[in-house]
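Peer 1: Put chain B on the given structure of chain A with help from the hints.
Protein chains: 2
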Amino acid sequence: MSEGKEESAPAPSPGGRGSGDKRERILRGAIRVFARNGFYKTRVSEIAEAAGVADGTIYLYFKNKDDVLISIFEDRLDALIRVLKREIAKCQTVEEKVEKIIHLQLDLLETERDLAEVITVNLRQSSRLLKEYAAPKFEAYLQVIAHVISEGQTSGVFRNDVHPVGAARALWGSLDGTLMTWALGDAKPSTLRKASTNIASIFLRGLAAEGG
Amino acid sequence: MSEGKEESAPAPSPGGRGSGDKRERILRGAIRVFARNGFYKTRVSEIAEAAGVADGTIYLYFKNKDDVLISIFEDRLDALIRVLKREIAKCQTVEEKVEKIIHLQLDLLETERDLAEVITVNLRQSSRLLKEYAAPKFEAYLQVIAHVISEGQTSGVFRNDVHPVGAARALWGSLDGTLMTWALGDAKPSTLRKASTNIASIFLRGLAAEGG
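Protein sequences, first through last, are from chains A and B. Position in the first sequence counted from 1, then plus 1, gives you the working numbering. Position in the second sequence counted from 1, then plus 1, gives you the working numbering.
The hints are simulated quantities; they were obtained by calculation from the structure and are not laboratory data. Remember, predicted model here, so these are calculated numbers, not experimental data. One or more hints might be untrue.
Note: identical chains are not told apart, hence a pair may lie in one copy or across any two.
[To be verified] Think about it this way: if two alpha-carbon atoms lie no more than 20 Å apart in a straight line, the pair counts; the simulated DMTMM-like pairs of lysine to aspartate or glutamate are:
no.	residue 1	residue 2
1	LYS42	ASP68
2	LYS66	ASP115
3	LYS101	GLU152
4	LYS195	ASP162
5	LYS195	GLU100
6	LYS189	GLU140
7	LYS195	GLU140
8	LYS42	GLU140
The following block holds chain A by itself, in its conformation from the complex:
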């Protein structure tokens, strides 16, 4: 504890810049070791080593290892939701919005293979984590997609006979499944770009209103 306190001394306010940097460094280190060793086999000391901080420092920012994993998920999902909302707002049509949703997610992870593996594989390491912590944030993410689908239905561009949240889940599943096989497979950026074009064209045509 005293070791941790010493480490955090340069930036004692939780929202301060130095504080945020260290928290982010821990999350980045954790993403690397979780992807390499899996969540269960990772020790907190290995996260500290990867982040270049003392073991005790981890506990200044996180309750335990579970909390680190949940924070990775929540932080990255928060960032994704912010980016999605910002970029969607710039699009002219709902079709562009759906394409943006797909390409943004696969593009963001293209350069972050470890993160893709942590989100698609490691988060599922514990049903309890998924059930208790990840669910509300995940719902907020699905709502962003569902909202675009609803909007398309209201304006007559998308068919009305699919459930917006159901379609959002199906679209998320396609992206998640593609990312998982990509992260565990060849992990070439070109593979992911092709996949993203495929998914966009299937869903856009699949959602289009009759005669649209």
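Peer 2: Chain B alone, transformed into the frame defined by chain A:
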């Protein structure tokens, strides 16, 4: 070891009926405890207890706990591939085949919530398991779907500008994502049936050839 030998005495041939029953009982017990406690927290003795066999008996059929998880995945996927091929062969059109693929998978798991959780959540507990063992069987499964899509492309019913394996991955992802949120959520059969109709209609229209 002697304990296990005694247990297997009534059916010494590995392919014998008694032997198969006991193996299946262990797999069923494992599905229950993995779904309840997660893969990492489960001890082999808990699998034995759930299956109603002696601890040593597990090792007559499986090398270790990893082997039990892989066997659940492989056995169930083998069964799924067999059922899919048999039922696809009875369909008249490729559209019917795609619908059959979707409904069969969600129907089979509807009554087996624990199995859905093990396949979608627990299998991802270890990237190593996924990478080393599950991959070939999983590819065989994807090929069944990809083959139907190719067939539809050849006959002009499905568009030619999507990659059959990419589309198969996207479809699998939609089913897997839907099953996961279902198994972790309310798990009502009606929710799953609605989802399956949604997915079928999005993919069928999404894959249809222009003017088809």
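Peer 1: For each hint, tell me whether it holds in the structure or not.
Peer 2: Against the structure, the hints:
no.: 1; hint: LYS42 <-> ASP68; in the structure: both (15 Å within a copy, 18 Å between copies)
no.: 2; hint: LYS66 <-> ASP115; in the structure: within (17 Å within a copy, 26 Å between copies)
no.: 3; hint: LYS101 <-> GLU152; in the structure: within (15 Å within a copy, 31 Å between copies)
no.: 4; hint: LYS195 <-> ASP162; in the structure: between (29 Å within a copy, 11 Å between copies)
no.: 5; hint: LYS195 <-> GLU100; in the structure: within (13 Å within a copy, 25 Å between copies)
no.: 6; hint: LYS189 <-> GLU140; in the structure: between (30 Å within a copy, 18 Å between copies)
no.: 7; hint: LYS195 <-> GLU140; in the structure: between (28 Å within a copy, 19 Å between copies)
no.: 8; hint: LYS42 <-> GLU140; in the structure: neither (29 Å within a copy, 27 Å between copies)
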